[in-house]
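Peer 1: Per this note's numbering, numbering of the first sequence is gapless, rising by one per residue and ending at 318.
Honestly, the hints are just simulated from the structure, not real lab data. Every residue, glycine too, gets a C-beta built ideally from N, C-alpha and C. Careful: at least some of the hints might be erroneous.
Listed next, with one range per pair, are the computed distances between beta-carbon atoms [claimed, not checked]:
1. ARG26 / GLN48: 46 to 52 Å
2. PRO274 / GLN56: 29 to 35 Å
3. GLU104 / ASP157: 41 to 47 Å
4. GLY137 / PRO217: 44 to 50 Å
5. ASP157 / ALA276: 38 to 44 Å
6. GLU35 / SER173: 27 to 33 Å
7. ALA63 / GLY172: 34 to 40 Å
8. HIS207 / ALA301: 44 to 50 Å
9. HIS207 / ILE51: 29 to 35 Å
10. ARG206 / ALA63: 53 to 59 Å
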Amino acid sequence: MLAWSAAHGRTLPEREAREPWRVLVIEVMSQQTQIARSLQAAVTFCARFPTPQSLAEASPAEAVRAWAGLGYNRRALALRAAAQAIVERHAGRVPADLAALLTLPGIGPYTARAIAARVHGLPVMPVDVNVRRVLGRLLGDADTAAVQALGDAIAGSVARDGPGQAEPTAHPGEIADALMDLAALVCRPRHPDCPACPLEPHCARARSVGQLVGGAAAVAPDRRPRPERPRSTPATPFPRSRRWLRGQLLRELRLAPPGAWLAIEGSRGMHGHTAVREALSALAAEGFVELDEAGRARLAEG
DNA sequence: AACACGGGGTG
DNA sequence: CACCCAGTGTT
């Protein structure tokens, strides 16, 4: 894998980040956003909030404004809460062990391991859908726990012993990057290029397909991703979804001068006055906005 | 296990 | 306009 990675792997700018807080911010952003955009956003965000403490001291409004254009705005609040936890429980420094990382708001199994491996060199594997696909195929049929266990075992093994006899050990982050590159370039969702894969001799899927067609030269594409979508109840058109309404309201509130109360009246898209009030109440309950006695709204300053 | 959560990009 | 993307938290 490492030899393949050296020859065919990608060089992505986000992999050069080493500073723990920056890595954390990039990883949280890239949970939901194309890497090019999240990288650009991380530059702006980290200039505004260069340390956990600086974000911990900021208002929800400031965090949400800095999150503009990224979507999944709850992550801005979670990241702020994580920064506060880092300040309170870890003296303002990103914790170095997996269990501590997993307690942070918005940090789940993937992100905790991404930080632990990339920043601290811990022998764990961040398993996203791409790594999940590679290791899942390798094992044949495996549940999430088995895939995670294999991933962590691989990271541990290579970090401890090196990829082979008399070879230097590798950083766990390199193994993760190598698997992600393999997932993107070779072990693709629909048309995996098994003959080009360094893991092919060990792979359960390649073996079963090879048996099926009688050779490794002809590898059939996966028929997998069933697009099966209920035709009878089509997904709600975007402009009328609740997601859209929430995004629209947050967009308006972000645009208002900081601290100013905004009277939000009338309807938005397909949503009547009542739906708008309900959405504002929900946003208030979740900590995005505050409402005054007159029902006016602003991003939460507290 | 199912659902909610948001943007931008593509065809 | 329909559809795609994909980790975390809640129910």
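Peer 1: Now look at each hint and say whether the structure bears it out.
Peer 2: Do the hints match the structure? See the list:
no.	hint	in the structure
1	ARG26 / GLN48: 46 to 52 Å	violated, 21 Å
2	PRO274 / GLN56: 29 to 35 Å	violated, 23 Å
3	GLU104 / ASP157: 41 to 47 Å	holds, 43 Å
4	GLY137 / PRO217: 44 to 50 Å	violated, 29 Å
5	ASP157 / ALA276: 38 to 44 Å	violated, 56 Å
6	GLU35 / SER173: 27 to 33 Å	holds, 28 Å
7	ALA63 / GLY172: 34 to 40 Å	holds, 36 Å
8	HIS207 / ALA301: 44 to 50 Å	holds, 46 Å
9	HIS207 / ILE51: 29 to 35 Å	violated, 22 Å
10	ARG206 / ALA63: 53 to 59 Å	violated, 39 Å
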